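Residue numbers (our numbering), protein chains in the order written: chain A, 1 to 332; chain B, 1 to 509.
Derived by calculation from the structure, the hints in this document are not laboratory data.
In this text the structure is predicted, and so the values were computed from the model without any measurement.
Glycine included, C-beta positions come from ideal geometry on N, C-alpha and C.
There's no promise every hint is true.
Selected chain B positions facing chain A (Cβ under 7 angstroms, derived; list incomplete) [said to hold, decoys possible]:
hint, residue
1, L149
2, M243
3, V245
4, P347
5, G352
6, L370
7, Q372
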Amino acid sequence: MKLSSGRVLTAVLPWVVLVLLYLALVAKAPNFVRAGPMSVLLYSVTILGVVAMGQVCVILIGGIDLSVSNVMTFTNIVSASVIGTLATKGGFLGQHSLLFAVLACVAIGAVIGALNGVIITKLGMPDMIATLAMWTIVYGVMNLYRVHIPKTIDPSSHPSTVLTSFVTSRIFAFVTPASIVWIVVAVILIVVLRKTTFGRQVYAVGLSRGASHAAGISAVRTTIVLYVISGVCAALAGVLLTGSLSHANLDTGNNYQLWSIAAVVLGGTSIFGGRGGYGSTIAGAAIIVVLVNGLLNVLRIGTAAQDILYGVVILVMLLVFRFGSRKDDGAG
Amino acid sequence: MSVNNTPGLNPIVELRGIDKSFGGVHALREVDFVIPPATIIGLVGENGAGKSTLLKVLCGTYSADAGELVIDGVPQTHYGPGGARRAGISMVTQELSLFPNLTVAANIAIGREPTVAGFVSGAKARRNAEWALGLIQSTVSPDAVVRDLPFADRQNVEIAKALVDDPRILVLDEPTSGLREAEVDALMEAMRKLKEAGRSVIFITHRMSELFAVCDSFMVMKDGVTVGTRQVGDTNPDELVSMMVGRDIKSLYPPKATVDRTPGTEKLHLGGFRVGRSVGPVDLDLFENEILGIAGLAGNGQNELLEGIAGLRRSTGTMWRSGDPKKRTHPYSTPGAAVRAGYSLVPEDRKGQGLVLSFPVFKNVTLAGLRQISRFGFLPQSKEYEATRRYVGMLDIRTPSESAVTAALSGGNQQKVVLAKALDTQPAILLLSDPTRGIDVGTKQEIYTLVRQLAGKGVGIIFLSTDVTEIVGLCDRVLVMSHRQVVAELEGDEITEESITRAAFEGDK
Chain A
1 MKLSSGRVLT
11 AVLPWVVLVL
21 LYLALVAKAP
31 NFVRAGPMSV
41 LLYSVTILGV
51 VAMGQVCVIL
61 IGGIDLSVSN
71 VMTFTNIVSA
81 SVIGTLATKG
91 GFLGQHSLLF
101 AVLACVAIGA
111 VIGALNGVII
121 TKLGMPDMIA
131 TLAMWTIVYG
141 VMNLYRVHIP
151 KTIDPSSHPS
161 TVLTSFVTSR
171 IFAFVTPASI
181 VWIVVAVILI
191 VVLRKTTFGR
201 QVYAVGLSRG
211 ASHAAGISAV
221 RTTIVLYVIS
231 GVCAALAGVL
241 LTGSLSHANL
251 DTGNNYQLWS
261 IAAVVLGGTS
271 IFGGRGGYGS
281 TIAGAAIIVV
291 LVNGLLNVLR
301 IGTAAQDILY
311 GVVILVMLLV
321 FRFGSRKDDG
331 AG
Chain B
1 MSVNNTPGLN
11 PIVELRGIDK
21 SFGGVHALRE
31 VDFVIPPATI
41 IGLVGENGAG
51 KSTLLKVLCG
61 TYSADAGELV
71 IDGVPQTHYG
81 PGGARRAGIS
91 MVTQELSLFP
101 NLTVAANIAI
111 GREPTVAGFV
121 SGAKARRNAE
131 WALGLIQSTV
141 SPDAVVRDLP
151 FADRQNVEIA
161 KALVDDPRIL
171 VLDEPTSGLR
181 EAEVDALMEA
191 MRKLKEAGRS
201 VIFITHRMSE
211 LFAVCDSFMV
221 MKDGVTVGTR
231 QVGDTNPDEL
241 VSMMVGRDIK
251 SLYPPKATVD
261 RTPGTEKLHL
271 GGFRVGRSVG
281 PVDLDLFENE
291 ILGIAGLAGN
301 GQNELLEGIA
311 GLRRSTGTMW
321 RSGDPKKRTH
331 PYSTPGAAVR
341 AGYSLVPEDR
351 KGQGLVLSFP
361 VFKNVTLAGL
371 RQISRFGFLP
381 QSKEYEATRR
391 YVGMLDIRTP
401 SESAVTAALS
411 GGNQQKVVLA
421 KALDTQPAIL
431 LLSDPTRGID
441 VGTKQEIYTL
451 VRQLAGKGVG
461 IIFLSTDVTE
471 IVGLCDRVLV
481 MSHRQVVAEL
491 EGDEITEESI
501 TRAAFEGDK
């Protein structure tokens, strides 16, 4: 299949920008070629990449999930407290505290995602409103829950060490174990979106609900499934957050709401749905991490200037994409 | 060649030697088109003949690659949509361009809101809208919100919007395809009035009767060139059709079948079938080899009936088909279940329901039959291409490739893709909702032949149409609907345009 120049641009541009930003970072701070700092960037990309998996799924059907940030914070708190509480108890529960923490968080993410999906499809709420409401509700719930838990977990406990090294340790060069698992799952997601019946249905629903409905594709089912995926991805990202931070707080996930959306959009996926995919979203997530955790930090320009620069970069990239998609339309 | 170039009447617009290409496709080749004042010109040709492209050049949407555009004797250099508007050219396109959340008056005034002392005047906009709607005898209220209007009324609003400027040239690109019969008459009356006032109209329609009722002359196009021009007195429908198609169409319709209607051999049975709260109850039997027509004035529940059978609308009553392995006797509540059970619908709204327009052709062809083609949930692309190639050959779909974007195909070819999608599910019952709307004669004939072949191969066919001529030509039996009920059943020689129209109107009383 011959690709139009607009589509090639959309697929390649995020990676080109990523490489340029990284080179700029290294030019300013040569330290960043070393494995240590690289692995810090990588585990940050992994966490953002995991939330963005769910985000890209819902954006592909023209939705958006604003609740992901508080789902992350909530599961950060839950996983930290489950590990912290159970580890001291010993016995079966103590030995498997990490497993229970992960299961509890996945369940929480799935339930919140399912609620989002049902509110959107069955009550006919706009995606943005439904997930914004859920974002607030989750914030309230975790405030109630937080009263009962310690703020930090004992970093010396065994399960906590396992989780921390899963997220941050290097197995070779700068590669972390979590990043390998993430890339494997990412490849599966890319294949599912591109090559399976389910993937085709996602794009069809994103481009035309009317035609999908008439063709016997259930937009309701597709929507609910994708919001569940988004909830579960955010929950797993929250567990990874616990591994990287070794503590929990009420604001640990905050940035990920806009970062996950920005990662998807910087990857060239249309915010209106139906076009794009996860492959370039990975580049989008890496761009944000290199920019926010790398370049803007080493430039010593103060947080106000950092925020402005971050916004400008996003705008410029979107302008280039729009130019690309225009060419795409013109060529037919 | 010029059309009706009466001495002493200088043409309003002259297009000379117009050339236009898109990529490798030569859409127009050295086309001349002269528009004298006070003339109604029928522009005829199959889909993809270049009619719409020519009109878009006239309206400044496209600029020609070569050729001259002369208005009132002055050659135009920087033309564009603004130039067309200054020249008094107003167009009604096939795509509706209304704002659904605004009122009729606001839509008609859009972009040229009348002002009083510098302020937008709603009252004046309302009066203008009333005047324009009055010209086509439409009963739509200027205060109605467009979203709440049926399709035919929206079409009228679109026409009124073009009329409100009092254009010197009114271009109507298939304005009648969604209109009710009385509205078509009113529109033709308005065209004649414009002509009396010295205005000209360019009229595109696929209905011959309308062309001969109102036009003074015709220009026939095929494959981007002008085949010829004719005065209304010097030609007849047969000649126009053969000019359009480039060959003689001896018979538009395939011969009818002999149908055995022995009770107990029904292919499909509906009993006390109701769609939602308002349509029905309908009793219907469909037999082997049969094409069953559903006729009636537009908007009398025909489309709802088909959507009900196809599971797009909630229905109650009995419904079964012969050969159903599950022997189900009631309607399906989702389109997915109906598709799996062998019911396939070609929906009325091609762009909104029939196709994912930005998908490549092959993804549309397999969209409803994904389940059959998939292996363990995966879609083997070679199979999808293979299926698409099969339908491209069988239905003669003109597309650059299987992976071309569907939106880039002409209307007739898009409709063939919808048909391919419906056939790809291997339906036992095929429901066709106005499948030839806005399609040229040649493609219509191909679709009629195909539908007849399918009926012969054992597919049960229900054929809904708002075009009475094709119902008469194609169907073996006809149910006429009025007020959301079946009011008449016609068979064999009883099926005539007169009997159908009479039944539709009698039911209306």
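*Provide an ascending list of the numbers of those earlier hints which the structure does not satisfy.*
1, 2, 3, 7
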